Amino acid sequence: MSILEVSHISKSFGSKHVLSDINLTFEENKIYGLLGRNGAGKSTLLSVITDRNFANNGEVKIDSEDVRDNDSKLGMMYLMSEVNLYSNGSKLTQIIKDSESLYGGFNHELADRLIKEFGLDINQKFGKLSTGYNSIFKLILALCLPVQFVLLDEPVLGLDANHRELFYSELIQSYSDNPRTFIISTHLIEEVANIISDVIVLDQGRVILNQPVEDVLAKNHSVVGPEKDVKQYTKGLNVIGHDMIGNIRANYVYGDLDDRVLPDTVQLSNFDLQKLFIFLTNQYEGGTDNEDK
Amino acid sequence: MKFEFNSSEPIYRQVAEQIEDAIASGGFEEGGQIPSTTEISKEFHINPATVLKGMNIAVSKNLIEKRRGLGMFVQAGARKRILSEKRSDFFDDFVENLVREAQNLNISEDELLALVKRGYQQ
Chain A
1 MSILEVSHIS KSFGSKHVLS DINLTFEENK IYGLLGRNGA GKSTLLSVIT DRNFANNGEV
61 KIDSEDVRDN DSKLGMMYLM SEVNLYSNGS KLTQIIKDSE SLYGGFNHEL ADRLIKEFGL
121 DINQKFGKLS TGYNSIFKLI LALCLPVQFV LLDEPVLGLD ANHRELFYSE LIQSYSDNPR
181 TFIISTHLIE EVANIISDVI VLDQGRVILN QPVEDVLAKN HSVVGPEKDV KQYTKGLNVI
241 GHDMIGNIRA NYVYGDLDDR VLPDTVQLSN FDLQKLFIFL TNQYEGGTDN EDK
Chain B
294 MKFEFNSSEP IYRQVAEQIE DAIASGGFEE GGQIPSTTEI SKEFHINPAT VLKGMNIAVS
354 KNLIEKRRGL GMFVQAGARK RILSEKRSDF FDDFVENLVR EAQNLNISED ELLALVKRGY
414 QQ
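Residue numbers (our numbering), protein chains in the order written: chain A, 1 to 293; chain B, 294 to 415.
You may find that some hints are simply not true.
[What the hints assert, rightly or not] Straight-line Cα separation of at most 30 Å, DSSO-like style, residue types lysine-lysine; simulated pairs:
(1) K219/A with K346/B
(2) K275/A with K16/A
(3) K125/A with K91/A
(4) K379/B with K30/A
(5) K379/B with K354/B
(6) K346/B with K30/A
(7) K30/A with K359/B
(8) K275/A with K346/B
(9) K219/A with K379/B
(10) K219/A with K359/B
[Claimed, not checked] Stretches of chain B that chain A covers, calculated by requiring three or more beta carbons in the stretch to come under 8 Å of a beta carbon on chain A:
(11) 327-336
(12) 340-352
Simulated from the structure, these hints should not be mistaken for lab results.
What you are looking at is a predicted structure, and each value in this text was computed from that prediction instead of being measured.
For glycine and all other residues, C-beta sits at the position ideal for the given N, C-alpha and C.
Next up, chain A with everything else stripped away, as it sits in the complex (with noise of 0.2 Å):
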């Protein structure tokens, strides 16, 4: 039984805050979506955890241990990144040893399996990988290391099509086989969007969303219908976003919806994780409608 915990974690580069007080829990066996579009702190953060990188405030603590220059705790999390930590000469088989005598396991047996289903060719030296090899080496590294918070910072770069499908199977499939915590950040919303079990939205170094899926699915609403008639529904409804066509209006909520009365002329539905994504992110570009609140 182990918890992660991010505690006022704030972080600047010159005069540039990168993070700024990050609060988050990570609870066992689960799965997190950590989204945040380019430069909201995402990769800063993962490094942040993993005590590759330092903060100027805050701290991060596993099972109430600071984790900094604490090799037992640090040995409990993975950080597979963009981020080279291993010398282009060396031969994968080797990194695979150190890594093993470094963590105190692996699991050959599935690995077999991974580096044939992907093709990898394991005799070669780590400098020599393409961008989606040198990807699929350190996917493999992550799922079979024995740590209990798997951290994965854009984890299909580089990856085709084919490749992303099977990663995202054999993640399952491991995650079945030996449940972990896994904290995966990414752009491809879509992919992920039903294999993750809670979602965590970065927006300019702060955390403005953090909750179960399930949750967060449940307070998305849109609602479609003349222009006239939507603007009425959803006064004093938090909407996120709009789209007109004609006079055809979509206006998008994010809350619960009241008992009030919806007119025949107008549509509910829901609308996915993506699309709550852009337009929580987009406010500083002109996104947010504010005039119906």
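Fit chain B to the given chain A structure using the hints.
Only chain B this time, still in chain A's reference frame:
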């Protein structure tokens, strides 16, 4: 199971409905084993807990049952129970919409009945 998921309904409920539909159509036979939670999760990239939640709806409706160490199996009589439920939902699910749409289009009751008759003859 066709497994095309949309965002209009919680995924776990869609999982339950698709299991029901597969039993109703005979795709999953009575007494037969259905795919495991992991198999369904892997195939359609859905969180295993979500799939399990959908399966549990079908379990609580006595449509499938867990046999320890073996997996999930379709219960005897499940198909009949699903069909009778679908029949009792038929009015709400289809007839009301049909009549409403007919009214929108100024189709009279007699005209609608004639159209239904034509549907049966085809």
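Verification of the hints:
no.	hint	result
1	K219/A with K346/B	holds (20 Å)
2	K275/A with K16/A	holds (28 Å)
3	K125/A with K91/A	holds (4 Å)
4	K379/B with K30/A	violated (36 Å)
5	K379/B with K354/B	holds (13 Å)
6	K346/B with K30/A	holds (15 Å)
7	K30/A with K359/B	holds (24 Å)
8	K275/A with K346/B	holds (25 Å)
9	K219/A with K379/B	holds (29 Å)
10	K219/A with K359/B	violated (33 Å)
11	327-336	holds (count 5)
12	340-352	holds (count 4)
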